[in-house]
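So the sequence lines, in the order shown, correspond to chains A and B. Heads up, the first sequence is in this note's numbering, so the first residue is 58 and it goes up one at a time. Heads up, the second sequence is in this note's numbering, so the first residue is 21 and it goes up one at a time.
By construction, these hints were calculated from the structure, which means they are not laboratory data. Among these hints, one or two may not hold up.
Unchecked claim - Which bits of chain B does chain A cover? Going by a derived footprint, with three or more residues having C-beta under 8 Å, they are:
(1) 34 to 46
(2) 282 to 290
What the hints assert, rightly or not - Straight-line distance between alpha carbons at most 25 Å, and here's what the computed DMTMM-like set of lysine to aspartate or glutamate pairs gives:
(3) A:K149 - B:D250
(4) A:K131 - A:D195
(5) B:K27 - B:D62
(6) A:K149 - B:E252
(7) B:K349 - B:D221
These figures come from a predicted structure and were not determined experimentally. Just so it is clear, CB atoms sit at the ideal spot from N, CA and C, and this is done for glycine as well.
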Amino acid sequence: MVFNSLQYAVFLPAVLVIYWRLRHRRQNALLLVASYAFYSAWDYRFCALMMLSTVVDYAVGRAMASTGDERRRKLLFAASLGVNLGVLGFFKYSNFFVDSAADLLMRLGLDADFPTLKILLPIGISFYTFHGISYTFDVYRREIEPAGDLLSFAVFVAFFPQLVAGPIGRAHLQLPQFERPRTRPSSVQVRSAAFLILLGLFKKVVIADGLALYANQIFSGAGTRSGVDLLIGAYAFALQIYGDFSGYSDIARGSSRLLGIELPENFAQPYLSRNITEFWRTWHISLSSWLRDYLYVSMGGNRGTRARVYRNLVLTMLIGGLWHGAAWTFVIWGGLHGLFLVVERARGVRSPRCPGPVARDAIRIFATFNLVCLAWIFFRAETLGQAISYLAGIVTLRSGGVDNSAVVLVVLAGLAVLAVDIVQRNRNEDTAPMRWPAPARGALYATLAAAIVLFSGGQPVPFIYFQF
Amino acid sequence: MAERRGKGILGLVLAFVTVILSAEGAARLVALRLGDSSGWNDPGLAMQERNMRRVGEDHGGSDVVVLGSSATGEGIDPEQLAQASQAYDSAYNAWHAGAPARSLDLLARSLVLPVLRPEVMVIGLTSEQLNDNGSGHLSHQALESSPARPRVPEEENAAEGIVRRVVDWSYFVRLRETLRRPNELMDALRTGPDANPYEIDSRGMSTSNLAQELRLTPRHLEQNREALADYELGRVELPAFRRLVRRLRSDGIGVLIVNMPVLEDVYSPLHPRGIVDNDRYEAALEALTREERLAYLDTTKEPWGPEWFADENHVNGRGSARLTDLVAKALDRLVPPAGVPK
Numbered sequence: 058m059v060f061n062s063l064q065y066a067v068f069l070p071a072v073l074v075i076y077w078r079l080r081h082r083r084q085n086a087l088l089l090v091a092s093y094a095f096y097s098a099w100d101y102r103f104c105a106l107m108m109l110s111t112v113v114d115y116a117v118g119r120a121m122a123s124t125g126d127e128r129r130r131k132l133l134f135a136a137s138l139g140v141n142l143g144v145l146g147f148f149k150y151s152n153f154f155v156d157s158a159a160d161l162l163m164r165l166g167l168d169a170d171f172p173t174l175k176i177l178l179p180i181g182i183s184f185y186t187f188h189g190i191s192y193t194f195d196v197y198r199r200e201i202e203p204a205g206d207l208l209s210f211a212v213f214v215a216f217f218p219q220l221v222a223g224p225i226g227r228a229h230l231q232l233p234q235f236e237r238p239r240t241r242p243s244s245v246q247v248r249s250a251a252f253l254i255l256l257g258l259f260k261k262v263v264i265a266d267g268l269a270l271y272a273n274q275i276f277s278g279a280g281t282r283s284g285v286d287l288l289i290g291a292y293a294f295a296l297q298i299y300g301d302f303s304g305y306s307d308i309a310r311g312s313s314r315l316l317g318i319e320l321p322e323n324f325a326q327p328y329l330s331r332n333i334t335e336f337w338r339t340w341h342i343s344l345s346s347w348l349r350d351y352l353y354v355s356m357g358g359n360r361g362t363r364a365r366v367y368r369n370l371v372l373t374m375l376i377g378g379l380w381h382g383a384a385w386t387f388v389i390w391g392g393l394h395g396l397f398l399v400v401e402r403a404r405g406v407r408s409p410r411c412p413g414p415v416a417r418d419a420i421r422i423f424a425t426f427n428l429v430c431l432a433w434i435f436f437r438a439e440t441l442g443q444a445i446s447y448l449a450g451i452v453t454l455r456s457g458g459v460d461n462s463a464v465v466l467v468v469l470a471g472l473a474v475l476a477v478d479i480v481q482r483n484r485n486e487d488t489a490p491m492r493w494p495a496p497a498r499g500a501l502y503a504t505l506a507a508a509i510v511l512f513s514g515g516q517p518v519p520f521i522y523f524q525f
Numbered sequence: 021m022a023e024r025r026g027k028g029i030l031g032l033v034l035a036f037v038t039v040i041l042s043a044e045g046a047a048r049l050v051a052l053r054l055g056d057s058s059g060w061n062d063p064g065l066a067m068q069e070r071n072m073r074r075v076g077e078d079h080g081g082s083d084v085v086v087l088g089s090s091a092t093g094e095g096i097d098p099e100q101l102a103q104a105s106q107a108y109d110s111a112y113n114a115w116h117a118g119a120p121a122r123s124l125d126l127l128a129r130s131l132v133l134p135v136l137r138p139e140v141m142v143i144g145l146t147s148e149q150l151n152d153n154g155s156g157h158l159s160h161q162a163l164e165s166s167p168a169r170p171r172v173p174e175e176e177n178a179a180e181g182i183v184r185r186v187v188d189w190s191y192f193v194r195l196r197e198t199l200r201r202p203n204e205l206m207d208a209l210r211t212g213p214d215a216n217p218y219e220i221d222s223r224g225m226s227t228s229n230l231a232q233e234l235r236l237t238p239r240h241l242e243q244n245r246e247a248l249a250d251y252e253l254g255r256v257e258l259p260a261f262r263r264l265v266r267r268l269r270s271d272g273i274g275v276l277i278v279n280m281p282v283l284e285d286v287y288s289p290l291h292p293r294g295i296v297d298n299d300r301y302e303a304a305l306e307a308l309t310r311e312e313r314l315a316y317l318d319t320t321k322e323p324w325g326p327e328w329f330a331d332e333n334h335v336n337g338r339g340s341a342r343l344t345d346l347v348a349k350a351l352d353r354l355v356p357p358a359g360v361p362k
């Protein structure tokens, strides 16, 4: 069941109607049932995996809190990490490592005929295992108390609005919300939630799906397309993935707000960033902060020699790349971002706190956007060969025709994204239009709704981040 | 306070309604310029509908109807077919650009069977039409949101019924396939209502490639690669195809399945797994025709060199004459079902 489907349009209101008639514990029970039903709509067989992860993390959290023996705590923590990363590693990375090892051995002239398993990737596995890991990490570091009851914890892990593509839940922020009774959202909250859902649908259906056709066509023809076409394709994908993922996050946050649960912000106008450091503070915030808190800091973070800090940065970004998928293209995408961050760190570049002169900021934003697009080429390409051929086509300004429809749609989508982001940034609020005069709001809602109708029809297109 | 709030809500609703009505008005202006094709999201489909209705009204239908995608539309000449066949007098080519099997099923139910009332259907297929993941869904969407869809109301569920009513009333919804492609919209507005981009003749045949010698263009190769992307068989299109042929058989209509010729050295490598995918397609098609006891003409068993093609999956005039001849001979081997009213 995807957010942009008729089933979800029936599912969410049905859950809401029952939910607000129940008391706290029954609300949690309903959320758990609804979340597993939501997940089962893809594949019920993997529910057991999520249950296993939930029970192990809950038991480990309780056991760690009940002992003062540091060695035992460490062992318990390692066991929880082992289960979570083991499950993730088996389902997501086993074939990648087997294939890569076989490839390497073959290049060395050795016979390497390893068996490859046919493993289905459970949807959302990268997200819910990271929910669980964040919890055990926080309990281990004594930053939070362990969950008081299994039901609240199970809902935290499986909460349907964020289950399959985030934002990645952080125990210290969300668990207390599930453990405490919730108050009915105010009319302002309901309206802002509805606006977030409408905006999210616009980003997904109009911007992301509208551009997907062109991005797909241009990437699949990377070897023959003209340089200009390839550049347009890279921009199209940059806008597509932003619309797709931030649209998903907006719908998740809006749906969750209707249930009285606040999810963290996942995007803060990333394409208005003036350098890559700022980009990573505004893009997929729940992942970048997760990687910072549990990986980068654990490796030493900013402490130690320059070389050590640079190593930490690059390693964190490489693992961040690999988190997206078991392919070298994702590793290079992460590596490129690590490299950009190291260069900025070496030059003393920091994330700007306030706006500078407009022209200077515009140049920086444009340059940062293009660096991000360069990395997106590796992220989107099916293979390294395709990415290299794609880049070669742009760099050598390969001649050929230009797909005018793609140019027009990329420009229109770019302007729409820019308009939304500028309005949100100026007010520092993602529901800024809620403060507009009523007629302006009415016109905006109608425009968004009409655009969604215009670009809808046929089977709903799944969100890109479901595959991660 | 309450009065101010009431005015606010009124202002919001008025602005909302104004924008929606303006969009609808603009779509109706566009529809005035696009004429009949405005309801079809594809001028080729509009042309086909007009032609079929005329053939239905003037001649009471057609003995043989050819169904398929553009490969069939440019490949099987209905005039020649009717002349060469000993058993049938008239033929019509009811192809639809890029049509996957689902579209053939929908087109047959909604338009071809009620309007042309054929005795025999010739269904031409290439591997892309049975691919569950390719770009065929775009062609199917164009057909689904066209007036062809509402003409089978007995198959609608409640949600589809609501959508149909909205489509019936709103030109904005009906025209969305066209409106969301600004360049194509501008082209359509420039060309006007008589656009015939595929040069479809009065019997449905596309004549645009008849005089064309082989020309392989990167753009066309890429389009085919898109149509063959993530090649998968058996989930959606093959069952749809099975439904179609069973329906035809149960209606007493003869069926001839044609595996269409392609320039194999160029076309097969466009599949993700190359020839392996193409072989899987041919095996699946053969198995289906055997299971359903259908007449089957596999034209790929004959040698087809570059001289027969306009591009990798469309024959040229020479190729069309040869292909039509093969189909006519296969048709004559079919025993026409007895007692089927014309």
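Structure-based check of each hint:
Counting residues of the segment 34 to 46 of chain B whose C-beta lies closer than 8 Å to any C-beta of chain A gives 8; at least three are required, and the coverage claim holds. Residue count for the segment 282 to 290 of chain B with a Cβ under 8 Å from a Cβ of chain A: 0. That is fewer than the three needed, and the coverage hint is violated. The straight-line distance between the Cα atoms of K149 of chain A and D250 of chain B is roughly 20 Å, inside the 25 Å bound, and the hint therefore holds. With a C-alpha separation of about 13 Å, the suggested pairing of K131 of chain A with D195 of chain A holds against the 25 Å cut-off.
Restraint check for K27 of chain B and D62 of chain B: the C-alpha separation of about 44 Å exceeds 25 Å, so the hint is violated. A threshold of 25 Å between alpha carbons decides the hint, and for K149 of chain A with E252 of chain B the separation of about 22 Å falls inside it, so the pair holds. Our distance criterion of 25 Å between C-alpha atoms is met by K349 of chain B and D221 of chain B, whose separation comes to about 23 Å.
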